[in-house]
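Enquirer: Using the sequences and the hints, build the whole thing.
As you go down the protein sequences, you meet chains E and G in turn. Going by the numbering used here, the letters in the first sequence line up with residues 1 to 357, in that order. Going by the numbering used here, the letters in the second sequence line up with residues 1 to 357, in that order.
These aren't lab readings, by the way, just hints derived from the structure by calculation. Just so you know, not all the hints are guaranteed correct.
Here are the simulated distance ranges between beta carbons [as the list claims (entries may be wrong)]:
#1 E:D15 to G:R259: 47 to 55 Å
#2 E:P100 to G:A162: 52 to 60 Å
#3 G:A255 to E:E165: 58 to 66 Å
#4 G:G120 to E:D55: 53 to 61 Å
#5 E:P167 to G:D270: 38 to 46 Å
#6 G:Q140 to E:Y278: 31 to 39 Å
One-sided and incomplete, this derived list gives chain E residues near chain G with beta-carbon spacing under 7 Å [unchecked claim]:
#7 T211
#8 P232
#9 V235
#10 A336
#11 Y339
In silico negatives: residues of chain G with every beta carbon more than 10 Å from chain E [as the list claims (entries may be wrong)]:
#12 Q56
#13 D57
#14 E84
#15 M91
#16 V128
#17 P144
#18 Q181
#19 V234
#20 L331
#21 Q352
C-beta atoms are modelled at their ideal positions from N, C-alpha and C, and glycine is treated no differently.
Number of protein chains: 2
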Amino acid sequence: MRQIDSGRVGWEPFDQLLIATGASPFFPDVPGGDAQGIHGLSTLQSGIEVRKAIDQDSPQRAVIVGGGYIGLEMAEALVLRGMEVSLVEKMPQVMGTLDPDMGALVSEALRDIGVALYLGESLESFDVRRGRVQAVVTDQRTLPADLVILGLGVRPNSTLAAEAEIPLGEKGGIRVNERMQTAVEGVWAAGDCVESFHLVSRRPFYVALGTVANKQGRVAGINLGGGYATFPGVVGTAVSKVCAVEVARTGLQEAELQRLGWEYVSAKIDSKTRVGYYPNAGPITVKVLAERDSGRLLGGQIVGIEGAAKRIDVLATALHAGFTVQEMIHLDLSYAPPYSPVWDPVLIAARQAAALV
Amino acid sequence: MRQIDSGRVGWEPFDQLLIATGASPFFPDVPGGDAQGIHGLSTLQSGIEVRKAIDQDSPQRAVIVGGGYIGLEMAEALVLRGMEVSLVEKMPQVMGTLDPDMGALVSEALRDIGVALYLGESLESFDVRRGRVQAVVTDQRTLPADLVILGLGVRPNSTLAAEAEIPLGEKGGIRVNERMQTAVEGVWAAGDCVESFHLVSRRPFYVALGTVANKQGRVAGINLGGGYATFPGVVGTAVSKVCAVEVARTGLQEAELQRLGWEYVSAKIDSKTRVGYYPNAGPITVKVLAERDSGRLLGGQIVGIEGAAKRIDVLATALHAGFTVQEMIHLDLSYAPPYSPVWDPVLIAARQAAALV
Chain E
1 MRQIDSGRVG
11 WEPFDQLLIA
21 TGASPFFPDV
31 PGGDAQGIHG
41 LSTLQSGIEV
51 RKAIDQDSPQ
61 RAVIVGGGYI
71 GLEMAEALVL
81 RGMEVSLVEK
91 MPQVMGTLDP
101 DMGALVSEAL
111 RDIGVALYLG
121 ESLESFDVRR
131 GRVQAVVTDQ
141 RTLPADLVIL
151 GLGVRPNSTL
161 AAEAEIPLGE
171 KGGIRVNERM
181 QTAVEGVWAA
191 GDCVESFHLV
201 SRRPFYVALG
211 TVANKQGRVA
221 GINLGGGYAT
231 FPGVVGTAVS
241 KVCAVEVART
251 GLQEAELQRL
261 GWEYVSAKID
271 SKTRVGYYPN
281 AGPITVKVLA
291 ERDSGRLLGG
301 QIVGIEGAAK
311 RIDVLATALH
321 AGFTVQEMIH
331 LDLSYAPPYS
341 PVWDPVLIAA
351 RQAAALV
Chain G
1 MRQIDSGRVG
11 WEPFDQLLIA
21 TGASPFFPDV
31 PGGDAQGIHG
41 LSTLQSGIEV
51 RKAIDQDSPQ
61 RAVIVGGGYI
71 GLEMAEALVL
81 RGMEVSLVEK
91 MPQVMGTLDP
101 DMGALVSEAL
111 RDIGVALYLG
121 ESLESFDVRR
131 GRVQAVVTDQ
141 RTLPADLVIL
151 GLGVRPNSTL
161 AAEAEIPLGE
171 KGGIRVNERM
181 QTAVEGVWAA
191 GDCVESFHLV
201 SRRPFYVALG
211 TVANKQGRVA
221 GINLGGGYAT
231 FPGVVGTAVS
241 KVCAVEVART
251 GLQEAELQRL
261 GWEYVSAKID
271 SKTRVGYYPN
281 AGPITVKVLA
291 ERDSGRLLGG
301 QIVGIEGAAK
311 RIDVLATALH
321 AGFTVQEMIH
331 LDLSYAPPYS
341 PVWDPVLIAA
351 RQAAALV
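Expert: Put into structure tokens, the structure is as follows:
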């Protein structure tokens with residue numbers, strides 16, 4: 001144990017121990033990866049550093065590697081800063097947590113704000129001069145860069161636990177039960193360092209999101225204080241945005257269902273966020289995946305303008321409930337012209353899926 | 001039967017008949033009630049007439065009678081038209097479908113946009129000169145009026161059915177089963193003319209909302225076409241807005257629970273629509289009612305700025321699912337700073353309620 005203020009290193013006995021070591025952004029092991037001007041983003045401090053670098057060096061050309069949540073949000077931020085922004089993503093679409101057809105809508109949104117997309121390209125190395133990054137080299141081209149943002153996801157900080165012989169799960173996070181207890185008596189873990197349980201796939205799942213971490217921390221805290229609480233698991237809900245376009249997802253996506261061997265139907269509908277004649281009504285696309293035959297809801301994805309994304313919470317709640325799309329048709333969701341068409345877009349998608357199961 | 005275009009009146013045999021007579025705004029039977037300048041609002045045509053009256057007569061002083069959805073929406077519209085707007089409501093708060101403490105927030109929102117509120121006052125008569133309304137007379141004062149809007153709710157148009165000896169329900173709407181079948185073979189009914197079933201109280205319920213009517217019409221259509229579909233009922237969801245303030249409710253309110261004799265706990269929390277540091281984050285108040293002991297969710301109400309109201313759909317879906325507030329704590333709702341605090345306000349309210357059951 002190292003005391004942060006004194007620097008003193010020593011041993012400290014404990015009755016109850018909580019491991020909350022979080023996660024770290026993934027830095028790829030490629031030539032030039034340690035050059036100046038290459039930034040990962042995870043903590044407030046790393047955000048401050050990027051901002052400082054922009055203020056000091058006035059970079060003109062930014063390259064973002066990775067088209068996930070961090071990549072999207074940084075693309076928006078850097079475009080708003082007036083920079084020339086490119087984004088490299090090894091998949092054929094950004095937002096790998098969406099199905100490719102829905103990810104394509106997000107790719108479109110990025111292009112619309114002026115981001116140059118290089119999809120299906122892999123990072124190979126960085127060109128470096130005098131310790132500073134000059135360009136990002138992919139398997140297809142060299143992109144000059146004054147600033148590089150890495151958004152390649154995070155990995156759980158579970159090494160400390162592993163070295164203490166606390167078992168990890170199959171996704172690399174610390175394995176915990178519903179009370180956030182590790183396999184070792186008196187040792188608890190919560191947050192981005194642990195493996196979660198996916199309530200739809202009924203399988204281990206790794207997710208590094210503040211809302212999950214916060215709920216897990218509460219459960220761990222109640223338990224290690226002598227109380228009783230459980231965290232049942234997640235359904236994989238997440239939201240992001242890129243300028244005016246909102247993006248949301250929950251449950252399982254097509255690739256996961258295929259891996260699981262589950263048969264499913266898919267319905268994708270275009271609707272409006274408000275009644276068509278109401279000011280600021282705009283497009284929303286909702287995709288719903290349901291189990292073939294039973295109709296059980298398996299997942300949903302939404303891309304649209306303001307007011308679109310938060311609708312994912314209805315699908316998330318329906319996943320927790322184990323609803324079928326047939327049941328969902330009659331959900332008594334709110335309607336008034338400023339808020340929704342008469343049939344909420346989520347219900348239109350459910351209705352369409354119900355006709356296919 | 002009367003043919004609308006030819007005016008021909010006669011008898012028409014049928015195999016299957018659908019009654020879709022809708023509802024009519026309630027006009028109070030008080031002196032002067034038939035004067036010019038007094039408007040109810042229900043159809044597109046009645047809206048066009050109010051608009052025409054405003055364009056022709058340039059009324060300065062408008063009095064709205066009734067503080068429900070129509071009253072609120074007309075208050076907004078008339079204030080935006082630059083009129084001096086008063087609102088008379090016989091209850092101590094506007095929005096009788098909210099509990100008084102939540103209704104008070106809406107009353108505040110109305111006052112903030114310049115509406116003069118006369119709460120706890122009953123309409124007694126209208127002062128009329130040369131056939132035109134001059135003032136609204138309440139049990140406490142006389143309010144000069146160039147224009148009067150009545151927003152006193154609607155009544156189901158069920159007289160035709162009643163005269164044909166088709167049984168009505170206890171709320172005055174046509175009684176139908178889950179397939180939208182009346183008690184008479186071959187006669188169906190759907191929309192604002194029928195009585196619904198409330199899935200939380202498990203009792204008959206009358207609601208005149210487009211979203212419910214539309215769903216019922218679909219079910220009736222499938223059935224009378226020889227198919228099979230059921231409409232299970234409603235949970236009482238509704239939304240409205242008054243300028244920047246959004247209002248939403250679902251489930252049962254305190255007065256209903258007291259009438260039913262159900263014991264409940266109530267949690268009301270103030271939070272933000274987005275993470276506090278994010279631009280345009282603003283206040284949201286969420287109230288949740290849960291059954292004492294069991295913790296079963298019974299209802300919810302939301303008042304807040306942009307982004308607040310549609311959150312009611314999570315509570316509505318949870319009502320359909322029969323969730324307890326304890327279960328709701330772990331709903332995997334979406335979080336990102338532009339959309340929500342780390343704990344969605346709905347979950348903060350559920351958590352607080354769970355601590356009370």
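Enquirer: For each hint, tell me whether it holds in the structure or not.
Expert: Outcome of the hint check:
1. A hinted range of 47 to 55 Å holds for the C-beta pair D15 of chain E and R259 of chain G, which are about 52 Å apart.
2. Separated by about 57 Å at the C-beta atoms, P100 of chain E and A162 of chain G satisfy the suggested range of 52 to 60 Å.
3. A C-beta distance of roughly 60 Å is found between A255 of chain G and E165 of chain E, which places it inside the suggested range of 58 to 66 Å.
4. Checked against the hint of 53 to 61 Å, the C-beta distance between G120 of chain G and D55 of chain E comes to roughly 59 Å, which is consistent with it.
5. P167 of chain E and D270 of chain G have their C-beta atoms about 43 Å apart, which keeps the hinted 38 to 46 Å range intact.
6. For the hinted restraint 31 to 39 Å between Q140 of chain G and Y278 of chain E, the CB-CB distance of approximately 37 Å keeps it satisfied.
7. A least Cβ separation of about 4 Å between T211 of chain E and chain G falls short of the 7 Å threshold, and the interface hint therefore holds.
8. For the restraint placing P232 of chain E at the interface with chain G, the shortest Cβ-Cβ distance is roughly 5 Å, inside the 7 Å limit, so the hint holds.
9. For V235 of chain E, the suggested interface contact is upheld, since its CB lies about 5 Å from the closest CB of chain G, less than 7 Å.
10. Interface restraint check for A336 of chain E: the shortest CB-CB distance to chain G comes to about 5 Å, inside 7 Å, so the restraint holds.
11. Annotation: Y339 of chain E was flagged as interfacial toward chain G, and the flag holds, the nearest CB pair being 5 Å apart, inside 7 Å.
12. Distance check for Q56 of chain G against chain E: the nearest CB is about 24 Å away, which clears 10 Å, and the non-interface claim stands.
13. A cut-off of 10 Å between C-beta atoms confirms that D57 of chain G is not in contact with chain E; the least separation is 26 Å.
14. Its beta-carbon lying about 24 Å from the closest one in chain E, E84 of chain G satisfies the requirement of being farther than 10 Å from that chain.
15. Every C-beta of chain E lies more than 10 Å from that of M91 of chain G, the closest at about 21 Å, which supports listing it as non-interface.
16. At the 10 Å boundary, the C-beta of V128 of chain G stays outside the reach of chain E, the nearest C-beta of that chain being 34 Å off.
17. The beta carbon of P144 of chain G is kept farther than 10 Å from every beta carbon of chain E, the shortest such distance being approximately 31 Å.
18. Once the 10 Å rule is applied to beta carbons, Q181 of chain G is consistent with being away from chain E; the minimum gap is 17 Å.
19. The non-interface label for V234 of chain G is inconsistent with chain E: the shortest C-beta to C-beta separation is roughly 5 Å, within 10 Å.
20. Remark: the non-interface label on L331 of chain G conflicts with the geometry, its nearest Cβ contact in chain E lying 6 Å away (cut-off 10 Å).
21. Every CB of chain E is more than 10 Å from the CB of Q352 of chain G (nearest about 13 Å), matching its label as outside the interface.
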